[in-house]
Amino acid sequence: MAQKKDKACPECHQVFAIPQGNPGWCLNSNPEMKAKNKKALAILAFSTIHGRNPDEKERKAWEKENKGDIEKVKVPETRCPPHPETKLSDDWQGFTILLNPSRSEVARALGIEVPGSYALKVRHQ
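In UniProt numbering, the protein residues as written are 1 to 125.
Simulated from the structure, these hints should not be mistaken for lab results.
Treat the hints with caution; some may be incorrect.
Claimed, not checked - Straight-line Cα separation of at most 25 Å, DSS-like style, residue types lysine-lysine; simulated pairs:
#	residue 1	residue 2
1	Lys34	Lys72
2	Lys72	Lys5
3	Lys38	Lys57
4	Lys72	Lys57
5	Lys34	Lys57
6	Lys60	Lys38
7	Lys57	Lys67
8	Lys38	Lys72
9	Lys36	Lys74
10	Lys57	Lys36
11	Lys60	Lys34
12	Lys67	Lys34
13	Lys87	Lys121
14	Lys36	Lys64
15	Lys121	Lys5
16	Lys5	Lys36
17	Lys5	Lys74
18	Lys60	Lys36
19	Lys64	Lys74
20	Lys39	Lys57
21	Lys87	Lys74
22	Lys60	Lys72
23	Lys67	Lys38
24	Lys64	Lys39
25	Lys67	Lys36
26	Lys39	Lys60
27	Lys38	Lys64
28	Lys5	Lys87
29	Lys38	Lys74
30	Lys39	Lys67
31	Lys36	Lys72
32	Lys5	Lys34
33	Lys72	Lys39
34	Lys64	Lys34
Produce the complete structure using the sequences and hints provided.
Right, here's the structure in full:
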């Protein structure tokens, strides 16, 4: 998940980094066991069970035998904590980081009281 896309909440203007790309693969039976691709996951799972790395034939056999147990990692949808029902918008302009909102004119103008990253203008989608 190298790339991130920023979205902003139309209600409070807070900006969130949304991860993009392939988050990896995991096992249904053991969600803690994760790898970047299916091959690496099969090698990791096989070596955990048997204590050694599999050869190509053993790896393929393990993948075939456990194909129903392998799935993509589920990434939870990012939501704005104060407004969880609001859909985040990727149509926003301006970016400011507020460290001390009580002393900021921008925070006063936008009605912001909590430190963080904010968009200056957000359009509803």
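Against the structure, the hints come out as follows:
1. Lys34 / Lys72: holds (9 Å)
2. Lys72 / Lys5: holds (20 Å)
3. Lys38 / Lys57: holds (15 Å)
4. Lys72 / Lys57: The hint holds at about 23 Å.
5. Lys34 / Lys57: holds (22 Å)
6. Lys60 / Lys38: The given pair, whose Cα atoms are some 10 Å apart, holds under the 25 Å limit.
7. Lys57 / Lys67: Holds, because 15 Å separates the two Cα atoms, which is no more than 25 Å.
8. Lys38 / Lys72: holds (9 Å)
9. Lys36 / Lys74: Status holds; Cα separation ~13 Å.
10. Lys57 / Lys36: Measuring from Cα to Cα gives roughly 21 Å; hence the hint holds.
11. Lys60 / Lys34: holds (18 Å)
12. Lys67 / Lys34: holds (15 Å)
13. Lys87 / Lys121: holds (15 Å)
14. Lys36 / Lys64: Between Lys36 and Lys64 the Cα gap is close to 18 Å, so the pair holds against 25 Å.
15. Lys121 / Lys5: holds (17 Å)
16. Lys5 / Lys36: holds (20 Å)
17. Lys5 / Lys74: holds (17 Å)
18. Lys60 / Lys36: holds (17 Å)
19. Lys64 / Lys74: holds (22 Å)
20. Lys39 / Lys57: Holds, at about 12 Å.
21. Lys87 / Lys74: holds (19 Å)
22. Lys60 / Lys72: holds (18 Å)
23. Lys67 / Lys38: holds (10 Å)
24. Lys64 / Lys39: holds (11 Å)
25. Lys67 / Lys36: Status holds; Cα separation ~16 Å.
26. Lys39 / Lys60: This hinted pair holds, its Cα atoms lying about 9 Å apart.
27. Lys38 / Lys64: holds (11 Å)
28. Lys5 / Lys87: holds (15 Å)
29. Lys38 / Lys74: holds (15 Å)
30. Lys39 / Lys67: holds (12 Å)
31. Lys36 / Lys72: holds (10 Å)
32. Lys5 / Lys34: At roughly 23 Å apart (the allowed maximum being 25 Å), Lys34 and Lys5 satisfy the hint.
33. Lys72 / Lys39: Measuring from Cα to Cα gives roughly 13 Å; hence the hint holds.
34. Lys64 / Lys34: Status holds; Cα separation ~18 Å.
Checked against the numbered hints given earlier, the structure satisfies every one of them.
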